[in-house]
Structures are given as structure tokens and as C-alpha cells.
Amino acid sequence: MNIFKRKKKIIKVPIVTEEERAKPVRCKSCGRLISYAELKKNLKVCPYCGYHFRMTAGERINLIADEDTFSEIDTEVKAVDMLNFKDVVTYKNRIKQAKERTGLDSAAVTGKAKIGGFDAAIGTFAFEFIGGSLGSATGEKITRLIEYAKKRELPLVIVFSSGGERIQEGIYSLMQVAKIIYAIDSFKESGGLFISILTNPTYCGTATIAMAGNVVIAEKGASISISGPRLAKQVAKKNILPKLEQAESLIENGLLDIVVDRHLLKSTIVRLLKYYNRRRI
Amino acid sequence: MKYLLQFERSLEPLYKELEERKKEEKPTIYTEKKIQQELQKIYSNLTPYQVSQIARHPDRPHTTDYINALFTDFLELHGDRKFGDDPAIIAGIGNLRDITITVIGSRRGYTLKDMLSCHYGMIQPEGFRKMARIINLASHTFKSPIVTFIDTPGALVSTNAERKGQIEAISEPILALFKAEVPVIAVVIGEGIGLGALSMSIANKILMLKYSFFSVISAEGGASILYNDKRKSEELSSNLKFTAENLLNNGIIDRVIDEPIGGAQRNRETVIKATGDAIYSELEMLLKENGNKLKENRIERYRKIGIYAD
Ligand SMILES: [Zn+2]
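Here the protein sequences line up with chains A and B, keeping their order.
Here the first sequence stands for residues 1116 to 1396, where the numbers follow my numbering.
Here the second sequence stands for residues 7 to 316, where the numbers follow my numbering.
These are calculated hints, taken from the structure and not from any lab test.
Built from N, CA and C at the ideal position, the CB exists for glycine as well.
Be aware that one or more of the hints could be misleading.
Simulated pairs of lysine-lysine, BS3-like, Cα-Cα distance not exceeding 25 Å [stated by the list, open to error]:
(1) B/Lys299 <-> A/Lys1265
(2) B/Lys88 <-> A/Lys1303
(3) B/Lys22 <-> A/Lys1207
(4) A/Lys1201 <-> B/Lys40
(5) A/Lys1265 <-> B/Lys88
(6) A/Lys1303 <-> B/Lys301
(7) B/Lys310 <-> A/Lys1266
(8) B/Lys299 <-> A/Lys1303
(9) B/Lys238 <-> A/Lys1207
(10) A/Lys1303 <-> B/Lys310
(11) B/Lys299 <-> A/Lys1193
(12) A/Lys1265 <-> B/Lys185
(13) B/Lys238 <-> A/Lys1348
(14) A/Lys1214 <-> A/Lys1201
Per label pair, the in silico range of CB-to-CB distance [unchecked claim]:
(15) A/Ser1305 <-> B/Asn255: 33 to 41 Å
(16) A/Ile1373 <-> B/Lys236: 33 to 41 Å
(17) B/Ile313 <-> A/Thr1184: 29 to 37 Å
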């Protein structure tokens, strides 16, 4: 089967409307106003304080992949509501809205690209699609990407940006964590390089998956934790809120290899790919 | 009966009557029958939320009760060899009749002191790493089947646990169970929540007690995330499809162990015995397979899980 049969160019759907584009953005960290054009030019990093704004899946791919080299795979895998789930809105509606707003069919975009001239399998979680949460379709796409990388002996780069398991898919969502963890292990055992990139935020089971990288990189200020903030508040009695762990404190505890500024993310990945390419076989 | 759940309150006067009659040395058969009828009424029409409350009933048998009653010569093993020994995980080797088994289970504690040291059953990084070590010991060295008893509110959420690598530790028992070349049986005996429960559940056969549940998140936790309102727990419980019956129907688990009317908290011995019988009969089947095949079966089983359009 030709995996590229259904290939399509990376989603160009704007998450930001024209109206919003005209308005300046207020930095969540320092409170200063920044024009959208300026923010975009600076890779969505606040030019005053260095706060890293969230990126969409499309922006991520454009940041890491060499220009015009990305071809998407497994676009036919789409999120569905299997439990007839309803919270504030029905899950069916939530999926529909997310699809319309983002042009995506799940919270993962996966494919093949060149990064600094090196062929690689690349995937990213899309926070803009239901909080980047890990549902069955997302889990299946990530698993297939790992298997794709293993089969073709490609290095694997995955960018995480996710609130954790997708509650609306119940136990199926939890099981994706196990499925992916095994796939990664099998990939690594075959000698593959998995560069894992944790961005703001990476929570719960997705954080556990992200920690399976051979090299684990986090963006500056990324919030990384076994639970999201609301759950932490619910679990901690009497509102003793455990401070969510930021990348900077986790690296001190030996959990990460590198914390990088977004401006250096791609060059860091490329250096690793270069070293991997020089391995003595 | 020490503790009645909210939906069992109609039993209160009956239990009082029973106690009084016992004190006055009057016959109690009629009162007992009335209690049984009332229980029948309550238990024949339970909502998923009520099932989750039964699963957490303080009088339900704990992992330690199953170990004490079912396994002879149980030898407990401690520690992760890296940092510490999580009391929320009990592990060791014992005999179920003629089969030597490695047992791993979550522990909630009976006394307040125990409950606090076990964090009410929430697992710390050293607990996950201890499990992985014992699983490997079973697979590589003792070549014994593994049985896990799941009764946990999940992984511990605390700054301290994060610093010790909670997010990384969880994957260790998951991988160890995937790779174990021995039969693995997981039994959910009470609450099975989130990554904590997942880490002990990678098995060839997953068994659940009738009034236990296995969920991506607690109804309370889910309600605070989705609604920012804990009071929506009841509504969410019906949506999560987390009861043994739900999970058997959608093929996630393999077998439901029956509990009599009134639940395991009122029928401790019966339920413990039924659990032992169920584990034994499943093991008899699994022990006919070779270790590598059992491992492949587990990998294949989890690879297939997920519902999506393609
Ligand atoms: Zn700023």
C-alpha cells in the first residue's frame, strides 16, 4: 500500500481570525501588548519577557520541518464518539466544532519530513483540537507513526502539547497510553532515536509517553505534570495546590535532558540528528 | 454493618431492629428476611455512580485480605532498589493451591496511620518501580505467573512525587508487564482509576468484581475538569461506562466475578473464595500456553484497543 496516496499539504486553516490578527496580543506573563505580526515573527515568543505562547500543529511543523518537505500520513484516521458521551456539550458536537475550527480530524498531525536535511518521522499533538487530548484516533495516529519510523528506520520526533487523556473516550483513552508506550519501547529496542519535545502544557498520560524519549527536550516554561491544574486542585484536599512542575525544576531533578528556548529548538534537533546519522553501525 | 452508603439508608431502622432483637434474645429470622428483601430492592437497580460508591466501601475486602485468605506461605518482598519502599504497593510470592504465584497489589491500609502512609492507595514513583522490579523477578527468575489486585485511586499527585519522577516511573510496570514471559492476570477488586490502575492491568486476562469500576479518571476528578464542578460526578459516572458490566460488553475485560446482593462488604468470605476460584481456573488455561505466546497475546490485545474512523 502506498502510504502517501492520500498525502496532503499541511493544514493552512487559520486558528486566528483576521479580526484577531489586527488586535495586539497581551502577554500572559508580563502583561505587555504585542502586535500579532511581531509575535509571529518572534516564533510566538514574547519579545519582552520570553514567554512562550502556544503554537498550533501547523506552526509546529513549519517550525521544525524544512520548508515544503512535510507530507502527512494517516489522514484517514478520525476521532469518533463511541460512548455517546455528553458533558457541557455532547462529544459529537465537540468533535464537530474542533474539526471546523482547526481543519484537523484528531489531536495529532503525523508524517514524514526533512529536518536540517535529514529524513525523519515527525508528529505533533494539536492543543487546538480538544486540548490536544489523547483519544483513540490520536493514539492510533501516534502509534502508526512510531511503527512507520521503525519500519523505515527513521529517527522519530514528536512534539507534545496535551492536557492528557481524553475523558470523553473513557477507558479507551487510558489504554492508548499503554499502546503507545509499548510501541515506543519496541522502536527504541530496534535502535531508533526518539527525540521527545515537551511544550506547554504536557499532562498526565501524555507526559508519561513523552518521558519515553531517548532524548527528552522541554521548551522554556513548559508546565509538565502527572495531573492538570484542575485535577491537582480537586485531589489536593483543603486547596493545598501542588505547584505544577515547570521544565526548569524538572531538569534539576534529572528528568529532562535539555530545556531550550524555542529559537534554538530546531537547531538542537538537527544537532542530534547529525550525531545519530554518524553512528557507527 | 458499620457503614451504610447513602442509598442504603432505608436499611438503618432494620439494622437497628436487628440489633435490639439480638440484645433481647428474640428471634431475628423475620428481621433478617426484611433486610434481605430491602437489599434486593436496592441492589437490583444500581446506578453507575452507586456502583462506584460500593467499590470504595470501607468494609470491602482489601488486597491484603485476598492475600491472607487465598495464598499460603506468602513471602513479602520490599523496595524498588533505587529510592524507597512504597507501602501502597504490596508484592511477594505465595501459593494459590498448587500454583506458585507472584502477587502484586495496591494497599489502602485499615488504620488511619496505615491509610496515611499508603496515601489511601495512591501510588508513588517508588511503588511503580517496585512493581517493575518484582514483575521482572517473576518473569526472569522465578518463572511464576503474576496476579495483580487493583484497588487504587491512582498515581499520587504531589510535588514530591513529581520530583522523584512520577511521570516517568508509571511506564516501568507497564513495559515490564508487556514483556513478561509468564501468564498475567489482573483483578480489579475495588476502584481502578487512571494511570495507577493502568500500570497494573496489562494482562492476558482482566477480571473485575461485579461492584468494582475501572476508569480513565474518578467521576469527581472528571467533573472538576469537564464542568469545573464536582457536583456533576453522578451525571458523569453514567457517561464514563466504567462498570464491570460495561467493560465486559465492550471487550476491554474478560470476566466478571459475581458478588451477592449487598456486595463484597457484606459477603467477604464468599467473594474472596469466588475470586480465588476465578483466578485459579483462568491460570489453569493460561499455563498451557508458552511464555512468549502469552507476551505476544498481550501486545496484540493492547495494540488493537481504540475506536476511530479510518
Ligand atoms: Zn511577556
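Contradicted hints - numbers only: Failing hints, ascending: 3, 4, 5, 11.
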